[in-house]
Structures are given as C-alpha cells and as structure tokens.
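Peer 1: Those sequence lines, one after another, are chains B and V. Quick note: to get my numbering, add 27 to the position in the first sequence (first position is 1). Quick note: to get my numbering, add 27 to the position in the second sequence (first position is 1).
Where hints are given, some of them may not hold.
Identical copies go unnamed one by one, so any copy, or any two together, can satisfy a pair.
[Unchecked claim] Listed next, the in silico SDA-like pairs over lysine to any residue satisfying Cα-Cα at most 25 angstroms (straight line):
| no. | residue 1 | residue 2 |
| --- | --- | --- |
| 1 | K94 | N84 |
| 2 | K215 | V414 |
| 3 | K120 | A145 |
| 4 | K168 | G420 |
| 5 | K141 | S172 |
| 6 | K94 | D378 |
| 7 | K215 | W367 |
| 8 | K120 | P490 |
| 9 | K284 | D379 |
| 10 | K284 | E214 |
| 11 | K387 | S172 |
| 12 | K360 | A229 |
| 13 | K284 | R174 |
| 14 | K94 | R366 |
| 15 | K284 | P67 |
Note that these hints are calculated values from the structure, not bench results. Quick caveat: nothing in here was measured; it's all calculated off a predicted structure.
There are 2 protein chains.
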Amino acid sequence: MNSSMGKASKRTAIQPTREENYPEWYQQVVKAAGLAENSPVRGCMVIKPWGYTIWENMQRVLDRMFKDTGHKNAYFPLFIPKSYLEKEAQHVKGFAKECAVVTHSRLEMGEDGKLHPASPLEEPLIVRPTSETIIGELYSKWVQSYRDLPILINQWANVVRWEMRTRLFLRTTEFLWQEGHTAHATEKEAWEETRQMLDVYADFAENFMAMPVLKGEKTEGERFPGAVSTLCIEAMMQDRKALQAGTSHFLGQNFAKASDIKFLSETGEQQYAWTTSWGVSTRLIGALVMTHSDDDGLILPPRLAPSQVVILPVIPKDEHRGPVMEACESLKKELHDLRWLDGQRLEIELDDRDLRGGEKMWQWIKKGIPLRVEIGPRDLESGSVFVGRRDTGEKSSMSREAFVGQVIDLLEEMQNGLLKRAMDFRESNSREINSEAEFREFFSSKDESDHGGFAWSHFCGDPEWEDKLQKELKVTVRCIPFLDSMEEGTCIFTGKPSKQRVVFAKAY
Amino acid sequence: MNSSMGKASKRTAIQPTREENYPEWYQQVVKAAGLAENSPVRGCMVIKPWGYTIWENMQRVLDRMFKDTGHKNAYFPLFIPKSYLEKEAQHVKGFAKECAVVTHSRLEMGEDGKLHPASPLEEPLIVRPTSETIIGELYSKWVQSYRDLPILINQWANVVRWEMRTRLFLRTTEFLWQEGHTAHATEKEAWEETRQMLDVYADFAENFMAMPVLKGEKTEGERFPGAVSTLCIEAMMQDRKALQAGTSHFLGQNFAKASDIKFLSETGEQQYAWTTSWGVSTRLIGALVMTHSDDDGLILPPRLAPSQVVILPVIPKDEHRGPVMEACESLKKELHDLRWLDGQRLEIELDDRDLRGGEKMWQWIKKGIPLRVEIGPRDLESGSVFVGRRDTGEKSSMSREAFVGQVIDLLEEMQNGLLKRAMDFRESNSREINSEAEFREFFSSKDESDHGGFAWSHFCGDPEWEDKLQKELKVTVRCIPFLDSMEEGTCIFTGKPSKQRVVFAKAY
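Just chain B, with the same shape it has in the complex (with noise of 0.2 angstroms):
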C-alpha cells in the first residue's frame, strides 16, 4: 500500500487495517461510523442517521443539479407488470433473473396458526429493479406530437435486484437511488442529454465527494441491458480496484419501440422517439467512505459530512460545567449562522454526553466529522478553542476569533486537500501498458491488498479478450476514456490497430 496510509506500527481505531484485509476494514468502518448495517431481511440493509444523512446531502446537491438543467421530479409505481419486462428482449435478459415477484395480494391464517399467501394475482408483479419500461408505457401516453418533447423527468426512489452476495452500500437487494428518463425528438439531442448527466455526475463526484472519476464508454458487454451505448464515471478506490459510481445510457430507439413512444414530428410524420435514463444510488457512500477513509475510521469531505463541526466541552469540575457549556452554545450558534455553499448552514454538533473524553473524541473521529473543537476552562480565560482536523490529524490551539473566522476557508482547504489526495493516489497507481506481459504482471500482485490500478493500454476492442481477462485476472474494460487528444496504436493483445488506450482495472 501507498505509505502515506500505512499505518502499520500503531494502535489503530479499525481493526482489521487497510493493508490487513480490506474488505473487512470497509465492514467495520461502516459500523464504527452508525452508517448501516445488515438487516434481517436478506440482502436489504439499514441506512443509519449518519449515513442517511450523507445521502441526503447528496440527494440535495444532484437535485439541484438536476433541477438546473431542466429536469422536474415525479413518482412512478413501485410494481411492474410481468408483460412490460418483457418488451424488450436484452432488458428481460438482464433483470428476470435476480428481481423480487410479487404473486398474492394478502396473507390468510392457516390450520397450522400461521398466515399463508392468498388471493394469487392474475398476472405477477415485479418489484422494479430500474423503470424504464413502466415508465416507458406512460410516456407513450403523454406523447402526441414533437411539441409535447422533450420530457425530462426525475425519480428518487427505492429499487430491488436480489443480490446473492450483498455488501452494505456497494452491492445490495434494495437500494435508493435516483433513475433520470427523458424522451427526445431528436437522436443529437438525445445524445447531448445522455453526456450532459454524464457531465453532471462528473461534476458532483469531483466537486463534492472529493472523488476524481474518469468520464467513458462502456464496451457492448459492460452496457445496460437494451441500450445503445452506457456511458461512465469510474473512481479509484484505495485498494486500487475500480468502482462505477454512475452511469447515463443513450437507449437510442430501443425502449421507444419497445414503449410505442410516438410522436408526429414537425413535418407531420410519425417517428418514434430517442431516451435516455441515468443514474446513481446509494452506492456513492460505499465510493465515499473507500475513496478517503483510513486505519482511524471515516474521513468525509466537508460538502457532505451530516455535520461540519463537533463541539466537545472539558468539564474537570462541576463548577466549570456552566461557564464552558455557555461558551459552547454561543459557539454553536455563531457557527451554525455562517453560510457557505449557496447560503447553506454550517451543520454544528454539540456533544455533552456524560461519556470519558477520549471515547468520546474517538467516536468522533470514528464518523468522520471534519473538525473537532475542544472548549474546557483554561481555553475560556485565553480564548482560545483546540481544533482537531480529521483530514490530516493535525491538532492546533488557536484564537475563537480566529476559528469562528477562518473555518470555511478551512472546510474548504479541506475538500480540496481530499480531492488532491484522491487524485495523487490515481495517478500513481495508474500506469501506461504497452505489452500483455507487464499488463499481466502489473494485476498479479502476491500482496491480496494490491489490485494494481488502472492500466492505460492499447485494446482492439476484441469481447473474447475481454472474456478472457476477466476469466484469467479478474479484469475489465472499465471504460473508453474520453480524451482531448486521442492517441492511435497497437493492441497489446491481439496486435490488430487500435485507436485510443481504454482504461483496464479490476473492478467492484
């Protein structure tokens, strides 16, 4: 591992560490910070407070994001009828086999005292595990005429694929998301909506999770079941393994034929329409909380952390309980009136639990709040507050004035000291591949912790190489990059011209 994460040598609040086993110190960050936990109903987890919390802000920021560039919410069922999935041939193929049926309408008491299911459903209901064909049927409806597009819509909603290995975040049998479908009347505009989202979440990952992704193509075996061509953003956890944090599908005429979304056109014809969906889920936390935690548990970047600051009161005597609680209030209210972010608040916790100072700065250090802020007597005759900063441990007494003055340009050297950091550990783990010996070598380290990163290689595009790969090594094409100069060259496969590299990794 990168020694700057190393932390070997000492006590650490997660055990097992990142070198240790990965997988496992992901599971215990996770619990240590109340973000979620497994429920009893298989493969379905619980979002804790803190951890909802983080996907409200995130909820908050892209729906803005979405509202800004003309898009408006609505709700569509939860249910989807047998008949619709299989409209569309790749759809079926891709969900039928991992989705959640629903066949009876009530539950009847047996002999035995137990209920059993009753009143079967003429035709079984799928628990949506995405909505375009549901959302497909209505949108055939609403559209007449080219003057009723474009329809950009919005969904935030819940969505069930029965997972059989589920992981709290990255992989679950529900999950929360949001699912954007828009219909166009042209195949161009279509197109500048599907890069546009792309855009969006690109923007949303760097500038708010911290997270640098890289913007792509999938290859026809990576795309969403029935589209035309998926569309990418691709972070770097710090195991080195790739995560797909979002994605945004050109469904060409797919599911307009599929949907029979017509319309009759400027011309007087009757065209089918051109979609678009995209989206990203609760799956983001698990990219937040791999990108920038460390052996001491959650790190957050200050966008979206439920709260910004924690206020620790030191009380050494009972006499000093109301003087320093006083300073502590006034501190909150003072902080908690600052804006940043468009006029957002600044999110201030007070914790006066009756608890042993250290636990109770661990448990914070353990959820990942940016800044600490110690007040006890002596700080109140100085006037003086001792911060602690999570990013980088660092530990300073300094003036209140100075703090209450200083601490969104903190907060924000903060988000950007994280996104940096991301972005270095990316870059030195990524590496141009020029042969199939070194890209062979460079993804089988004898170290379980050590995934490689990402190779920047020549590729012919050939899908029996892609099966091969991920057969031999666990690799995929994580994407086609989008590049500003593209360079042509060999395929270090197959020998055949290619015309740019694409980005190899292994992948969550």
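Given chain B, work out where chain V should sit, using these hints.
Peer 2: Frame of chain B, contents of chain V only:
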C-alpha cells in the same frame, strides 16, 4: 352547497361542478391540474411533476419541523418477513388481508416463451404496509440501556396496502409517506411525543396547507391496529365529509413486547420501552385539492404551490416579442430573487409557449397557480403589469414597482384568506346536536353532494352504537376532540352520562 362556491349559472372549467358530482369533480380537478393519473398497475398512481412538487414542498416543511423537534431520518427495508407481521396479534389482523406478498426471487423463461416465477423463497416477504415490526426488531438490538433512549427516527418511504377501491391520492395501493418511530424510557415521555407530533401535524395543516383541523383521539374501533391510543387531525372537505389527515399513535409497550425492545433502567431493572409512531402521506395532496379548489380547478395555498407566480407574455405582433420577453425575463429574475418563508426563493414560471392566450391562461387557472401576471406592449409603455388572483378571481392593473414591492404580502394575504375561507366553511357546517332525531336528519340530506357536516354531540362511547350509526348512516366518530373546557352531558343515543361532546361525520 355554500353559495360562495356555487357557480352553476356560468360555464365552468371543470365539468362536472362540485354540486353536480363531487367525486367526479375531484378526479377532473386532479387530471386538469396535471397532478397525477392512474397507472397501468392496478391501484398504483403516477404522481406527475406538478403534483410531485407539492409533495416535495410538503416534505421540506415537515422535515424541518421533525428535525427541529429532535428527529433524524433513516431508512429501513422495504420487505418484512412474514413471521414479523405475526408477532403482534392486532397488527396482523389489520394488515394481513391487504398486502403484497413476494414469494419468488427470479423469473425464468418457460417453454411457452413467457416468464414464470422461479426460485421460491423459504419465507414469503411482505411489502411494508407500515414498518413497526421491522423497525422494532432493529430497535431491540440498538437499545441496551436507558442511555440509548430516546430513539427519535423518521423515515420517508413508499408503502403498499392492497386496496380494492382506489382514488388518486386519497386511497391508493402504493403511496408515499413518512413514518416516525420513537422509543422512550417512560410512559410519560412517549405520551408527550405522541401529543407533540400531533401538534406538529396540526401546525403544518393550518399554517401551510391553510386547512383547519380538529385535534383529538380516536375511539377504540378506529385505532391503529396494535396501538393503545390513536390521535388524529381531522379536516372538513367541501362536500362536508371528514378526512383524516394525519395520525399519531401511542403504542404503549405492545410493540416493545412483540419485538423485545428492553433496556436496563437507571435503577438497574430490565424494562420494556414505550414506543410511538406517527405518519402523514400523499393523501394530504387529496385533502389540499378538496379543501380549496373550485369549479374552475385547483386552488393552491401559496406556501405549498410549486410556483407562486406565472408570467404570461402578451405578444400581439412579432415586433413586440423582443421588448416583451425582455421585460418578462427581468421581472422573473427580480421576483425569483425575493426571499420569504425563512429564506426561501419565490418560484416563478415564465410561459412563452406558442398557444392562444386564453387557452394558456386557463391551463394555469386549472393548475391553481396563485398569481398570473400578464405583460404586453401597452404595459411596457405604462410601466404596469396585469395581475390575476386565483383565490378570489380578481384582476387588476398595477404598477410593476408596486407589484414587486407587495407580492410577498399579497401571497401571505392569499394564504390567510384561504385558511379563513376553509375555517368559515367548517364552522358554518358544524352543529351542536342534542337529539338522535336531529342527528339523523342532519346526516340524511336528499342532496347527494351534501353529507351533513360535523355533528358535535354527547356520546357515551358505546361501540354497539358506533356500529349501528356506521351501518345506518355511514357516520362515525371522527374524534374525541381535545377541548380547552369540558362540558358534561347526556349521550343523545343512550341517555348515559357523557364527559364531553365528540365529533361525528361521514368520512373519506
């Protein structure tokens, strides 16, 4: 009907009128406003952007109120194992007969070329009709000691109750809601929470929905299945029927016992927690429609309207387009920069679609937008705007400057006016009724659109009489209202002593 609402003499935008056919009028208002429509999935609605934005506005206000009273949001699984539902006997009875049952986790292509349910589950899962049992299971793990209490959590979610007869917003198989679930160390604290959240709902109903409500307690027969007591807010619709708009349940220790939520008390004893739950749903949108709208369509209280103002450019000739549009854009920007309601922006529509002016105006009237502002070439010359109010129908020309300066006061005046109008309607249709004969007459109008109103009568609480009144008159006790002063009396049905008057009505 109240004369202020009757418009039988003139052609109305909504057909039929309230007087002619109230239930059908409701459907037509919802349709004409573009709030929602029935989906191809039986009983499930599609909430369209204009309707969904009302829900988003409701969510924003309520969420703030919940957080200001110390609650945090979290998210629990959509599915509930069948065995959980079986834990609380009353609860099962209430929900087993109307629930979506998931029995399979896969669809498989059959020889008939169709998909069939495959991979049966060991234990069927229920799509949550409400989440007491699954949340109780988790709370039992989270609560060890009195220090872990109270737990104050809310969830925004979709729920499913298999309804046979559905009506948009009022009763649908799937609906959106929030459900608060709290656990406390003492009975007193749980009771205070139950009452506090009822007050939050009443505050929201009156001050944001402009809908007056009665606060009170349900009789045993109308209680939430498993609750010790159900508190409710009840509103009167324009057909004089009551609508239950929100409920807050004191669950005692019933669910704590069913889910084993125990804690070690300060004195070292194992005790069961005291729990509450409380919820409001998208049904509120139906209540909003039926409280304020008229025979020309939707009327929205400004505080919850998706947009407060629509600007309609009047462009008699092509040469006017440039200057008129410029004036419209500049007014839009200026209005959008105004802040009200604790820093919120005014939302402004600018409708420059190429449609006949009259048609466009009527679309906005039917959508219930509070203010319409027309700007044409003559207005530019005189520096004026032409303003139409949706609530009173008044139209007047005023200076642009005066309009911008007064718009927020005007919107607040409209908000208050709607509340007052609804309050007057309720009061003029509420009666103290002191004999059974008078009671029967009150609820037996030959006019199908007249359902009587609220009858305030002394009642001894006999459940057999409740059954009888429901069967014979379709009248139920809506609530035992919370009153500042109690007047004892004699039950109008049995002659037994009564502690206070209760409120009877026909209900949605």
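Peer 1: Look at each hint and say if it fits the structure.
Peer 2: To see whether the hints hold, each was checked on the structure:
Both within a single protomer and between protomers do K94 and N84 lie at most 25 angstroms apart by alpha-carbon distance, with minima of 16 angstroms and 15 angstroms respectively. Taking CA atoms no more than 25 angstroms apart as the test, K215 paired with V414 passes in neither setting, with 53 angstroms inside one copy and 40 angstroms between copies. In this assembly of identical chains, K120 and A145 lie within 25 angstroms of each other by CA distance solely across copies; the values are 14 angstroms between and 29 angstroms within a copy. Proximity of K168 to G420 under the C-alpha cut-off of 25 angstroms is found in neither arrangement, the shortest distances being 58 angstroms within a copy and 33 angstroms between copies.
Taking CA atoms no more than 25 angstroms apart as the test, K141 paired with S172 passes in neither setting, with 54 angstroms inside one copy and 34 angstroms between copies. In this assembly of identical chains, K94 and D378 lie within 25 angstroms of each other by CA distance solely across copies; the values are 17 angstroms between and 36 angstroms within a copy. Neither within a single protomer nor between protomers do K215 and W367 lie at most 25 angstroms apart by alpha-carbon distance, with minima of 38 angstroms and 41 angstroms respectively. Taking the shortest alpha-carbon separations for K120 and P490, only the intra-copy value of 19 angstroms comes in at or below 25 angstroms, while the best inter-copy value is 56 angstroms.
In the homo-oligomer, the alpha carbons of K284 and D379 never lie at most 25 angstroms apart, since the shortest distance is 61 angstroms inside one protomer and 31 angstroms across protomers. In this assembly of identical chains, the alpha carbons of K284 and E214 lie at most 25 angstroms apart only when taken from the same copy (14 angstroms versus 60 angstroms across copies). When the C-alpha separation of K387 and S172 is checked against a cutoff of 25 angstroms, the pair qualifies only between copies, where the shortest distance is 18 angstroms, while the shortest distance within a copy is 62 angstroms. Taking the shortest alpha-carbon separations for K360 and A229, neither the intra-copy value of 35 angstroms nor the inter-copy value of 29 angstroms comes in at or below 25 angstroms.
Within a single copy, K284 and R174 get their C-alpha atoms as close as 19 angstroms, which meets the 25 angstroms cut-off; across copies the closest is 59 angstroms, which misses it. With identical chains, the CA atoms of K94 and R366 are at most 25 angstroms apart both within one copy (22 angstroms) and between copies (19 angstroms). For the homomeric pair K284 and P67, the shortest alpha-carbon distance between copies (18 angstroms) is at most 25 angstroms, but the shortest distance inside one copy (41 angstroms) is not.
The structure fails to meet hints 2, 4, 5, 7, 9, 12 from the earlier list, while all remaining hints are met.
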